[in-house]
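Visitor: What follows is each chain in one-letter form.
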Amino acid sequence: MIPELGHLALIVALQLALLQGVLGIAGAARGSNAWMAMARGAAAGQLLFVATGFLALAWSFLVNDFSVMNVADHSSRFLPVEYRITAAWGSHEGSFLLWTLLMSAWTIAVVLLGRKLPADLHARVIGIMGLLSFFFLAYILFTSNPFMRLHPPPANGSDLNPLLQDPGMIIHPPLLYMGYVGFSVAFAFAIAALISGKLDETWARWVRPWTLMAWVFLTLGIMIGSWWAYYELGWGGWWFWDPSENASLMPWLAGTALLHSLVVTERRGALRVWTVFLALVTFSLSLVGTFLVRSGVLSSVHAFALDPLRGLFILVFLGILIGAALILFAKRAGAVKATVGFGMVSRESAMLTGNVLLLAALATVFLGTLYPLLLDALDLGKISVGPPYFNAVFVPMMVPVLLLLGIAPWMRWGGESLPGLVRQLRWQAVVAVLVGMTLPFAFEAWRWPAALGSTLAAWMMLSTISGLHARHRATGGLPLAAWGMGCAHIGLAIGVAGMGLVSAYQSEKTVAMQAGDSASLGRHEFIFRGAEEVPASNYSAMRGTLELKTQGREPAILLPEKRIYRSSRMTMTESAIRYGFTGDVYVAMGEPLPEGAWSVQLYLKPFVGWLWGGALLMALGGLLAALGCRNQGARP
Amino acid sequence: MTLWLWLAAYVVVALALLLVPLWRQKPAPEGWRWQTVGLLAVFPALTIGLYFHLGAPTILQELALTEAQSSYDVEGMVTALEEKLKSTPDDAEGWYALGRAYIAFGRHADAEAALRKAATQAPKDARIIAQYAEAMALGQNSLDGRPLELIREALEISYEDEKALELAGLAAFQKENWAEALHYWRRLLKLLPKETEQHDAIAQAVRTAEKKMEGTP
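Read top to bottom, the protein sequences are chains A and B. Per our numbering, residue 1 is the first one in the first sequence, and the count goes up by one each step. Per our numbering, residue 637 is the first one in the second sequence, and the count goes up by one each step.
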């Protein structure tokens, strides 16, 4: 009964989404207050019915209703109850339902918080979001129905992918999707502006808080995803340049560029066309990312062909959406063009340069991610594009961005004298280089990634802090948005320091250990106390016990596990980590060896935690900036 | 039936969210009557049409039917068997089947009584004796005493009886006689068809016992 009620709710929501789209856009065009009001009502109904559908699916998982095919394929009786609920978005079907739910939630936020917007702009934005929801609902109902029934139902389900049975994976997709979907607001605003031809400083002021919030969620989502990969995949990597990671990095880079370009448009009225373009690109990349990860095209381009309807549906939609957006852009961009100029050396030009570099870096990721897929799809052979490519191409592109990040906030709008700028920033530059070049001597050897990372980090930190200080002295206070900027830039600095240090000084060792054996790595000694079997409801684990002794620290016990999941017969490595401010000690169980011995992998990850700490600070910065938008009177 | 009431409720809520804003406009917008009629006609029809096309309108009856059948079968079978055994109390197989059904329902005392009758009728059937031992052990929550004697008895009759081997291994395991437990279970493992749940479970038990044995000096 419940699954059928969920199915019905989605059917009702589909029609409401279409009405929301048509009535919103047509109402704005005809100036019909009635239609615009009906579009808002439809948006409320859409949220109500999509939420009903989502709850019905979650309920089916909770009560083990295996007559629902999605439940039978992605859950089992042995699955702990918290993962049974989260399995609701562990599947292709469920994750699109989650996407739609978040989409309708963002729509309602726009309906409620945008009441002071001009009525036609408001209705257009709601209408465009309605059409986007309509597509997703149609996609769910016609190609990826989570409420397909099985008759007779199987006695048990085939369990959730063990990789997804983890707290990190519970919150990672919703956060990521909150980010992706949030960018649809900027997209809808951009389309609405192109239709009406009205794009000015007030427009940018409306869009910025929405974009900031979406960016905050996406940042957190990527952070959690990276942290999850670090502790769950068993070898302590934190970024793999894997296509599914790149899929989330691309909208993040575009979104970061958009945030900055919005500031220029809001303050100076400049870069309007560029801002609109970025708003279109950011959301399009969010869709491309979802398509890449969810269509199955990544696991194998040929898996895609097994269910061509799904992939084709998204491809056609992407084509229509991006095509229509770009055509509209090409035809209407002239109407919104700014006449505001700025000097060669000015904050505008610095931010634009940073933006262009971000997009160039994005293009390298795009190429490295899609080119191998394209070759494979055309049967032109398989190539693998991995870290060597990205490190060689992406990193050099980002270095000038980080350098500019320190300079731009010091520059004046409109124009700035170069010699004055040099005078203001020379000490920060000298100190940063000194710190960066000498800091690696504190470690076992001088290595260039550490020197580069710490130079850049010191530069960003010094220039940001001294810049905020100078501004504080000049104006007697700092607006919330400036705090947000400082927080985000310092967060990035901390992250960059962590990246440099961990990639320069991480070390690892694989040893065969029997009970009582000891091994050492760096300043740490590991004593293996043996392994024992630990059963759980849906897997059985061999748990190793290692005693960790570090000079100057309390000894610790690390309990890494090797799990075998019952239903899927998959083996999973559950690492054990001692977290620390200056670095993590990371242990994973390898393979069992004869005579009760085990191969054990030991890793030292210096300063790795700074990555996530930095990302957290960046997200906090985004949040402060978003709150700052409201304080400055975001709504006219 | 309830499903259709829900559908009606959904449609009413959805239409209210659309029509109330329309009706509340002052002055009344041009063509509001036609818009109302159009929505009232199209929305419910489309909802029903799409549901018939995409959904499984008959699934509820089908599932209800299967459920009724399966519960009817077991309960009915037990009642029928009880009735039948009243007239043929010397049917050992009948008492055996009834005993196993009682075990499945958790009625251990009834199971023990039924299996005692089966064992009296067929005192040389290892399968029945071993099952009787299990029912008794479940009732008293321990294999010690009479159940263990019955298991030995069953093994004397047939050293190939699966239930007897399993229980004998379990009894030894509980007394931490790892080697003895392994003897029975390894023997049992050879008898069981591979790739079955029971085979996997016993293989797992064998591995546990092997570990335990290595652990003791």
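Hints listed in this document are in silico derivations from the structure and should not be mistaken for laboratory results. Cβ atoms here follow ideal geometry from the backbone N, Cα and C, with glycine treated the same way. A hint or two may mislead.
[Stated by the list, open to error] So the derived label-pair ranges between C-beta atoms look like this:
1. A:T550 to B:R843: 57 to 65 Å
2. B:E785 to A:D517: 42 to 50 Å
3. B:E711 to A:G237: 29 to 37 Å
4. B:V656 to A:V340: 50 to 58 Å
[Claimed, not checked] Covered stretches of chain B, as calculated for chain A (at least 3 residues, CB under 8 Å):
5. 694-700
6. 721-731
7. 739-746
8. 750-762
9. 788-794
10. 799-807
Visitor: Hint by hint, say whether it matches the structure.
Guide: Going through the hints against the structure:
1. A:T550 to B:R843: 57 to 65 Å: violated (36 Å)
2. B:E785 to A:D517: 42 to 50 Å: holds (48 Å)
3. B:E711 to A:G237: 29 to 37 Å: Violated - the Cβ-Cβ distance for E711 of chain B and G237 of chain A, about 57 Å, lies outside 29 to 37 Å.
4. B:V656 to A:V340: 50 to 58 Å: violated (45 Å)
5. 694-700: holds (count 4)
6. 721-731: violated (count 0)
7. 739-746: That given contact is violated, which follows from only 0 residues of the region 739-746 of chain B lying within Cβ reach (below 8 Å) of chain A.
8. 750-762: Result for this restraint: violated, n = 0.
9. 788-794: violated (count 0)
10. 799-807: It is violated, with 0 qualifying residues against the three required.
In summary, the numbered hints that this structure violates are 1, 3, 4, 6, 7, 8, 9, 10.
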